[in-house]
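The task is simple: from the sequences and hints, build the whole structure.
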Amino acid sequence: MIFLSSPHMHGGNSIQLTMFSVIIALLPAAMVSVYLYGWLAVFLLTTCIGISLLTEYWMLRWMGKPTKPVWDGSAGLTGLLLALILPAAVPWWMAIFAAVFAIMLGKQLYGGLGHNPFNPALAARVVLLISFPLHMTSWIVPMHMDASLDMYGFVTSLKFFFLGPEAVKQTWDAITMASPLGYLKTELGQGVTVSQALVNYNYSTLHAFIGREAGSLGEGSALALLMGGIWLMARHTISWHIPISFIGTVAVLAALFNLINPDAYAPPMFHVLAGGLILCAFFMATDPVSSPSSSIGKIVFGVGCGVLTWVIRTYGNYPEGAMFAVVLMNMATPLIDYYVRPRVYGYKRGKQHEL
Amino acid sequence: MEFLYPVFIFAALALVIGVGLALASRYFHVEGDPLADTIDALLPQTQCGQCGYPGCRPYANAVAADEVSVNHCVPGGERTMLQIANIMGVEPKAIEEEETVPVVAYIREDECIGCTLCIKACPVDCIIGAPKQYHTIVTDHCTGCTLCLEPCPVDCIDMVETPELLEHWSWPVPGTKRAIKAETRKANHEGES
Amino acid sequence: MFDIWHKIQQTLHINTTSGFTGGLVHNNQYKLTGGYPIVACPMPELLMHPIKQHIGDPCEPIVVVGERVLKGQVIAKAQGYLSVPIHASTSGTVEKIGEHAIPHPSGLGMTSIFIKPDGLDEVDESLHPLPNYRSVDVVELRERIRHAGLAGLGGAVFPTFIKLVHDQKHPIETVVLNGIECEPWLTCDHQLMLEKAHEIISGLDIIMHLVEANEGIIAIEDNKPDAIVVVRKTLVDMGFGEHIRVKVLPTIYPQGGEKQLIQSVTGKEVPAGSLPLHIGVLSTNVGTSKAIYDAVCLGEPLTERVVTVSGDAVSNPTNMLVRLGTSVQFLLKQVGVESFEDLKIIHGGPMMGELLTDVGVPVVKASNGILAMHRPTIMRAHHDEEPCIRCGDCGEVCPAGLMPNLLAQHCKEDQFERAQDYNLFDCIECGACSYVCPSHIPLVHYFRYGKGQVSQIQREKTFAEESRQRSEKRDARLAQELAEKEEKRRVAKEKKEARAKALAEKEAASQAAEVAVDDATQDVSVAKPSLDNKADVNQQDDKKAEDKA
Amino acid sequence: MTEFGIILLSAVLVNNYVLTKFLGICPFLGVSTKLETAIGMSFAVMFVMTLASTASWIIQQLILIPFDILYLQTVFFILIIAALVQFVELVMHKTSPVLYQGLGIFLPLITTNCAVLGVAILNVQQDYSFFASVLYGFGAALGFGLVLVLFSGLRERLEAAPIPEVFKGSPIALITAGMMALAFMGFAGLVKV
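Residue numbers (our numbering), protein chains in the order written: chain W, 2 to 356; chain P, 64 to 256; chain H, 19 to 567; chain L, 1438 to 1630.
Worth flagging that the hints you see were computed from the coordinates, not collected in a lab. Any given hint could be a false lead.
[As the list claims (entries may be wrong)] Examples of chain W residues lying across from chain L (beta carbon under 8 Å, computed):
(1) PRO29
(2) LEU110
(3) GLY113
(4) PRO118
(5) VAL128
(6) ILE131
(7) VAL308
(8) VAL312
(9) TYR319
(10) PHE325
(11) VAL328
(12) ALA333
[Stated by the list, open to error] Simulated DEER-style distance windows between Cβ atoms:
(13) P/VAL79 / H/GLN498: 52 to 62 Å
(14) L/ASP1564 / W/GLY65: 54 to 64 Å
(15) W/ASN203 / H/ARG398: 51 to 61 Å
(16) P/PRO117 / H/LYS503: 17 to 27 Å
(17) P/LEU86 / L/GLN1498: 19 to 29 Å
For glycine and all other residues, C-beta sits at the position ideal for the given N, C-alpha and C.
As structure tokens, this is what we get:
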């Protein structure tokens, strides 16, 4: 036995508890993805989660570490998150590659849980987006939009997942469509106004909110994501600082520019509901490991994410900027932790100066 | 002659820059070696000479001048070595000698013959005594350098471990040797009482 | 409506209800002994009085083995300013003076005075009661409080008399009486307020008289509604309603910390590096206030205190009035703890107290609770450390506004300069961070380690600086000696040459043999003064050592 | 005004010299182990780069083009850069000896930092106006400093991580740098050049 310092009581929180509550909070979104993409979503989810767990186990074995942490939920959570930010159209090998990359390079090579500078799932997603832009920007038409499309059954899904569109006698164009963000970007490039483009796309705020638009698996329903996110906040698993400041910044920026020129800049509600903003804000940016630890640092982080998201969405080549924004801000996390600190009791802000 | 123009231009430019740099070097001339001072301040000042230099300051000078590696200060231990390596911007090197527990010299007074040899050897003047009289060591000032051991003709000087004081006690890092040592002492204590 | 807002605040971690940032709420179910009357602990067979039971300089024993002492007699007198005497807690004979374990995490012992009670409990009546304290000279009152051995009974044991000064530069406006008792399990202050409200309020009045303060506030957390009622009623009965009031605060840990309490009550922060008196506030524990009353109005020095004896291994927990010096083992026997196997004993509260491995330690002035816990209960709290997931929960509950996770990481890596840059020394070791850590990192342990290392480095640095100066002085002296030697040699040489010249002029070269003889004598004369010189130095050293002593 | 803003933004983020042009990798990996040194290096490079692009513009316009000796461009630019680096070294030795020691060999190596020469040469190739080329040089330096400081922050965190032995040091640093470059791809298209 060794020296034990006070306190001799513990609140009972644990890593496992934290991870599993996030997983539970993501379940509604996962269910919505199954509703939208049928068996395709099921295959993608199981592949990502399974490969993540396997990779974690294999890496720990390989490095001669105890393999118990496989079950702390963090690898499973990474797999689940990864699946939710992938488009339903990715083939099996890409899903496996992403899961292996996320766990191996994104997490275990950095020393495992708690040491990864980037969110592993997002890192894998960024790698895929840059390496396979076609697959990563093709969005399968959701089930309810085109009932005639025979894509979502068990057998066809399996064929599609493993053999590609040819196996189900389809072409990319027939089964995929643009996401609202991508569509808007293309149309704006051709000189169409925002409102016209949204009408052309048949975009509906309500649909985006309850989850009927095309996109990555988990992006479908803002409602499902919000349910999980707010439950996490109520449980104190995540704090409000990052989601609120992230979404708030995007909304404020969008509103400001939309006021100045409604034809060239999309309205705030569109920015908030379309794409992966809510998913990123509640579940990606709040990844405790790769975000700052102090409350004020979290706000800085969220605002930074918000600005970058809006800037990349509006001016960049990529239609969706939320993921890039989070990875870019992950890079700045150590510096935020170093320079943005809470005010210490008895000191004026900016420390060392006594009151 | 035209092919020489570039040479002239280049030479003229080089001359201007050269003169400018010469002036700058005079203006920004550095007196002494502030680095050696910084290193000296980190050394434990035991003046033990285990580094092969006749004291701490000479070793600091040698390290600052890159003549010797940073890992020769035994009493300073790993912490001092890391700090010096940090300042010098070099890779830390493990200290070859084993780290020792802090000790102070103690003279067995009944054996002391009063030869004053140890007094002369002490680098920090912490041995008191006169010829033909017992010498004694001011424990508070002893650096534990062991330099007084050798000159003593009757070997009456011991190095004893410095006692752990209650007011100087500090928490050991969780799960280390020191912690376990403290634990055994605690157990011993229990046995006594 | 208010409830909803309160819930939202809780959900969003907005802490507006208490005055300080951070903090956490403990389950009130641990306060087993709230409302249990104080019972007196019987006389043990042996009492141990460590010679230092307060913050500051240790006392010096003034009794000899075999001497008979009376209850309340000074057995160890204060040394230095920051010190208060120790009193015998019953009458009896001094059995021995020697090392004995004390409640300290190191397990190191301390000189203690062992007293064998004679069972008569004869009281030393050298202190006269001063019931009309308002007519007594302030200096005398202060001296009385010091003489009675008073130190803060909340756990910090800072000598009380030092705080009780009326300073023209920093006049104290508010005296805050700390009835918070935010540690789980502990209820001794709670019970004291229920039973001794009159004494506590009188003690507060004495303090206000001493520091010439106009406002007195008794701060009580809202989980002790009965105490609030009793204290309020007593205030009215005593007619202090005008100057003294009860302030009810929401229950939140660590509100009992001096700085946090002051912020909660007055809204002011104690600036870093200053004392509460610099913002015109003085705070004392209710137990201390009661002891002040005893010392002044009854003439009783501090020989006993109320201790909560509780824990999940105690079948009949209680609040006990215990003589200082009673062993923990004896105390726990009174509440039915016979075997200490598979038990862990906490001295103090579970959040800030220390684990005892030796149940022979005595109850001292700082002991506000003795908790006997089952080993698994404790070991569950000291679960193996897992990697930090940087969730930041620790920073959210930190009442000092630190970033504990980064601080602990720097301490762990021995980067103490960084740790100090992150305000290591502003940590109050309340334990809230370790309590909420999902990775079970012993954060407080790392901070304690870091603090200890920093002060050790500081000590080493001072020592190195002294050594360097001594070494430089020695080098200078040696150089001077050498120079003097050279000088003498040179003078001698010159003389010799001059003489040789003279001789050469006078006589022929055949006289050279005589010169050689001269040479020899010269050498002797050179050597002699240097020896004398050395002796001088030695004498100087002796003198220096004497000065030091 | 917008033009200048676009130049600055493009130099800092979109065409970041380290992460998209892969110039100046040597100091990027060499001096990024500590935040303080990285900040010092950033300022040194910022100073050298801005002045180098200013001076190279002047030399290009006033000497190389009028005398028709553009084939000596590299030699002239290197001369200017070397002189500037010498100057920075002198100043730094005087003002901050610890930083001077910390930067070590990398300080004189700014001379051979391909990013500095790259900025100078690319700058004059763009045919910017004087002010625009100063801004471009400053922007490139700012971009270099930004990623250097970000990277050093990350590396300080990696220092404490239990990274597998084979990946410690450079391997994990290169992986991290690669991830950073990928993330910087997100800025692609921000500025339509």
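So which of the earlier hints does this model not fit? The structure breaks hints 1, 7; every other hint is satisfied.
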